[in-house]
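Engineer: The chain contents come next:
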Amino acid sequence: MKIFKKKNYGQIYTAPLMFWITVFFVIPILIIFVFSFLKKSYTGGVLPQFSLDAYGALANPQFVKVVLKTLFISIVASIFTVLLAIPTSYYIARSKYKDILLFLIIIPFWTNFLIRIYAWIAILGNNGFVNNFLINIGLIEEHVQLLYNQWAVIIVIVYAYLPFAILPLYSTIEKFDFSLLEAARDLGATKFQSIMKVMIPNIKPGITTAVLFTFIPAFGNYAIPEIVGGKDSVMVGNIIANQLRVVRNWPLSASISVVLTVLTTIGVLLFVQLNKSKTDEIRKIKEDV
Amino acid sequence: MKKLFVFIGVILALFAISGCKTAKKEKLYIYNWTYYIPDEVIKDFQEKYGVEVVYDVFASNEEMYAKLKAGGTGYDITFPSVDYVSIMIKEGMLAKLDKSKLPNIANIDPEVFSKANYDPNYEYSVPYMMGAAGITVNKKYVKDYKKDVSVFLKPELKGRITLLDDMREVLGLALKYQGYSVNTVNEEELKKAKELVIKWKDNIQKFDAEAFGKGFAAGEFWCVHGYQENVFSELDDSQKQDADFFIPEQGAAMYIDSMVILKDAKNKELAHKFINFIHEPEVYAKFVDFFAFPSINVPARSIRKVTPRYDLPDLKNCEIKLDLGENIELYNKVWQEIRVGN
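As they're listed, the protein sequences go chains A and B. Following our numbering, the residues of the first sequence are numbered contiguously, the last one being 289. Following our numbering, the residues of the second sequence are numbered contiguously, the last one being 342.
Check before you lean on any hint, since a few could be wrong.
Stated by the list, open to error - Covered, in the sense of this in silico footprint (three residues per stretch, anywhere, with C-beta under 8 Å from a C-beta of chain B), are these stretches of chain A:
hint: 1; segment: 43–50
hint: 2; segment: 62–70
hint: 3; segment: 119–131
hint: 4; segment: 216–230
No lab work stands behind these hints: they were computed from the structure. Where is the CB? At the ideal position from N, CA and C, for every residue including glycine.
Isolated chain A, as found in the complex (with noise of 0.2 Å):
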């Protein structure tokens, strides 16, 4: 009886969580799995007839070169941004001052992000500050272009996304036995050695959560490339945006979340259990030990 009572409350508990997913989360996502089936109205919107075609649009090589770019683009920038967090979060984490420096990784969040896009011209423009100070100490004579391509792109995307690396892994490192690298070193490990084989794979959850954080929003992304990158850094986001406002194809906009929506979960389920079981093995052996 207890226990049937305890159920109830746990229901009651997650009711208004459970509410706000359905409505915000669930419903809109069945929405557009519903519409990537549907017909294309040519003024806008959907018709209700079932049709294949917005499947059928998908299979274009240039569609699969986007996919590809954007695939390149969030890779590059997910791996960079967890080699800048790592250590950054094992300063902080091993750091007197902790808060404080955990309260600077949140204060960008307090501007807008578009601002805070918009400022990266402003730092990397033709006329911008890093121009200007290579040019100042005569290191460059002519500006050099670092903005309108896809590494800018990319530069923009880790700056953006690092806190959100930075924050599972301080939470992860923090709980670290730091005692093990001493006792590694003792062991005649180099001091590398100790960091690459003992705490690396002791902090693998908080690395696999900084990389989903980073790689999936960088994946979908849309105002970075539209404002940073250049003539060719189109990505699978810029292309939904096109198809839905100025084709006004809502079934091919649809259909091509679904398929990345259904590409991100099976990839994210794959690398999750990749890094579970790798992480069981350790426990094993440690266990084993």
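Fit chain B to the supplied structure of chain A, relying on the hints for placement.
Structural biologist: Structure of chain B alone, referenced to chain A:
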């Protein structure tokens, strides 16, 4: 404590009074493009008729149409462009106008009506503004150029040019330059336009519909394709001296934005008054002066104070972008080939 009660009482009373006041006023609900009417004009209208205007904005025809179609009711007037006027007529979303209440239509240049027949006899729409995107060049960096699309190929401008991220506008320029219609559905002509745009693409920095004005002001871009109001609103007076805006001689795609009354409008009477008010010469002059737009209102031309950055004669070779229906896919295919490559 007593004081507090009195204070709250007074505040409530004030609310009640002000509530009564606004409730008495008639309301007109306008759904318009962002930055498309000076605040002063709205204020004048409110004062003249003792009414209240509730103003809401959209950023594209598609957005406006999707919202109204999805059941967004409550608006009296909206401002669709050419193709959407015809779509909205077909869909039965518009109310027929009572022209006896719109004597100021007579002020509109007859040439405007002759440019297109998206609304034959103009039974549903009154033109608000006619214009086109053009090219703005920074004369500090380019001295010698022809006023047409050949500037896009100038080697000294390499990496300093932006084109609108809008397929109808960019392909429209290329089509017009080669003597074709901006509404062509001939694949051969579109292919030739594509080849020209690909040549431009080699020389430009990016396709941009958001930030080209800011980039031009910052000196990042020296030649931008787009609407002049988006560029000049970013410039200070000395920068304006150096900026030269022109519509290519061979023409470009152009648009007419119209005022229409929605079928389910609650206040059609007041909506007619508003449309008529806009075409009062003094009011229209204020509007076009604010944006340095060309004036389609003939008497307003003689009383306006600001010279427009381009005028109707500059648009003589321009052509209205019509609704292409299913054929928009042809343009999209060519555009994807330009943007992404084959």
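Engineer: Taking each numbered hint in turn, which are not upheld by the structure, reported in ascending numerical order?
Structural biologist: Per hint list: zero violations.
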